Amino acid sequence: MGFDIMSLQKGRGTVQARSKADEGRAVLKYIDVEDLVPSEDNFYSMSAIEELASLIELSGGVKQPALVSPMGGGKYKVIAGHRRRLASLQLVKQGKEAYRKMPCMVEDAEREQGPEADELRAIDEAILLITTNGQREKTDWDKVQEATRLRALLEKKRRFEKIPGETRKIIAEQLGTTPAQVGRYDSIEKHLIPAFKTWLEQEKIGISVAYELSMLPEDVQEIAAEECRETRAPVTLEDVRRWKRDAEPWTPPAGAEQETTGAAEEVPPPPLPPTENEGVRTEPTKPTPMPPDGKIVDFPAPSSPPPAEDTPRPEKEPMHKRMAANILEDLQMYCEEMLGIEAGQAETWMERADALAVAIAALRR
Amino acid sequence: MGKVTIETLRALVVATNSLRFNPAIDPDTADSYERLLVGLRDELAKEIE
Numbered sequence: 001m002g003f004d005i006m007s008l009q010k011g012r013g014t015v016q017a018r019s020k021a022d023e024g025r026a027v028l029k030y031i032d033v034e035d036l037v038p039s040e041d042n043f044y045s046m047s048a049i050e051e052l053a054s055l056i057e058l059s060g061g062v063k064q065p066a067l068v069s070p071m072g073g074g075k076y077k078v079i080a081g082h083r084r085r086l087a088s089l090q091l092v093k094q095g096k097e098a099y100r101k102m103p104c105m106v107e108d109a110e111r112e113q114g115p116e117a118d119e120l121r122a123i124d125e126a127i128l129l130i131t132t133n134g135q136r137e138k139t140d141w142d143k144v145q146e147a148t149r150l151r152a153l154l155e156k157k158r159r160f161e162k163i164p165g166e167t168r169k170i171i172a173e174q175l176g177t178t179p180a181q182v183g184r185y186d187s188i189e190k191h192l193i194p195a196f197k198t199w200l201e202q203e204k205i206g207i208s209v210a211y212e213l214s215m216l217p218e219d220v221q222e223i224a225a226e227e228c229r230e231t232r233a234p235v236t237l238e239d240v241r242r243w244k245r246d247a248e249p250w251t252p253p254a255g256a257e258q259e260t261t262g263a264a265e266e267v268p269p270p271p272l273p274p275t276e277n278e279g280v281r282t283e284p285t286k287p288t289p290m291p292p293d294g295k296i297v298d299f300p301a302p303s304s305p306p307p308a309e310d311t312p313r314p315e316k317e318p319m320h321k322r323m324a325a326n327i328l329e330d331l332q333m334y335c336e337e338m339l340g341i342e343a344g345q346a347e348t349w350m351e352r353a354d355a356l357a358v359a360i361a362a363l364r365r
Numbered sequence: 001m002g003k004v005t006i007e008t009l010r011a012l013v014v015a016t017n018s019l020r021f022n023p024a025i026d027p028d029t030a031d032s033y034e035r036l037l038v039g040l041r042d043e044l045a046k047e048i049e
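Heads up: the sequence lines are chains R and H, in that order.
Sequence positions in the first sequence follow my numbering and run 1 to 365.
Sequence positions in the second sequence follow my numbering and run 1 to 49.
Keep in mind the hints are simulated off the structure, nothing from the lab.
Computed from a prediction, not measured in an experiment: that's the story for all the values here.
Heads up, some of the hints might be wrong.
To be verified - Chain R is faced by these chain H residues, among others (derived, beta-carbon under 7 Å):
#, residue
1, 10
2, 14
3, 15
4, 18
5, 19
6, 22
7, 23
8, 31
9, 33
10, 36
11, 37
12, 40
Beta carbons: idealized from backbone N, C-alpha and C, even for Gly.
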C-alpha cells in the first residue's frame, strides 16, 4: 500500500498511530479567532480577504472548519484556514461578534509526547498545510514552492519511517499533477537563477519559460537576465531558444569535418551517464510547439527516462525571533525610504514602518 | 533593501504572532498592525524584487 497523506488528515497516520494515546481523531471545536495563531510555514498569499469575509457573512459563518493543533495556553496553531481566520477577524473587528467563534478540527491534544514524536508531528503538520490547500487558486510560483517543500518534508519523514513509492510520484498525486510536471518544478527550483525566480514569483514569466530557462547554464541565464533588464521586453520561449543557440559551441557543418580531416572512422565517445546531481538538466528537450503568433500555449514533457530523484533539501527550522527582528529592521528601513518615493502612499508606508518598529521591539523584548 | 525572500515573509508572520500574543500590546492595536503587516507581506510577495 502506498503512502497515504489523507490518513494524516484523519489523525490516523503512521505518526499518530505510534501509541495508543495518538490514536484519537481530530475533534470539532468552535475557537475564538483571537486564539488562532498563523503558521509561519504558510507561504501562500493572503489575498481577497474582504471578498472571503463577504462570502462568510452571506453563508452565515465559516462552513468549512479550519485545521488546527493545540499549542498550550488556550492557543491553537493554524494548519489550514489562514484566510478564513483573517476574514473572520475582520468581521469581528467590524463589531460582528457572531463570527468570533470559528469551527476548527483540533488535533488530539492527548497525543504522544517526546522530541521524536514532536518532530514527526511538525513534519505532518507542514505536509497537511500543503495538501489541505488543494482548492486554493495558486500561482505558478506557489506550485513550485509546494512541490519543493513537499519533497523536503517527505525526505525528512523518510528518515523516521519507511514511505513506499517514489517521492516524485507521491508529490504528483498529492498536488494533482503529473510526475513529469513535478520534474519541471524541481528543475526550476534547483537550476533557475534567483533573478528569474523572482520574475516567476511576480508572474512576469510563466512556468514553461521558467523551466526552459532552468535548462540553460547559469552563466547564460545571467546574461539573458541582463538582456531582459535592458530591453524590458517579456521573455518568450523563442528568446530562450536563441540564448540556448548562442551558448552552444560552434561546430562545422555536417560533412565538412569528414572532408577536411578524414575523421569519418573515428567513433565518438559514448555519452556519459548523468550524475546524481545533474538532475533534469542533462535531459535533452523536445521541440516546443509554437503557434504562429509566437506565444506559448503549452510545453512538452521532459524526454524519458524521467529525471533522477534529487537529494533532499534540509528542512527549515522555525525562525528565531532575533533573526526575524534583523530581517524586519531591513524592511523597516525600506518602508521609510518608500515614504519619500511614493508620496501618494506616504501614510501607508509610515504606518507600515511604525508597525514594523513595534513588531521588532516585541520580538526583542 | 536586499532581495525579498521567503524568509522575509516568514519573518513578517513571526512578527504578527509576537504582536498578537504580546500582553503588553492592546489586542485592537495588534489587530491593526497585523493588517498592515499582512498587506505589506502580500505586496512584497508580488511586487518587490
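Practice task
Could you check the structure against the hints above and give me the numbers of any it violates, in ascending order?
Solution key: 7
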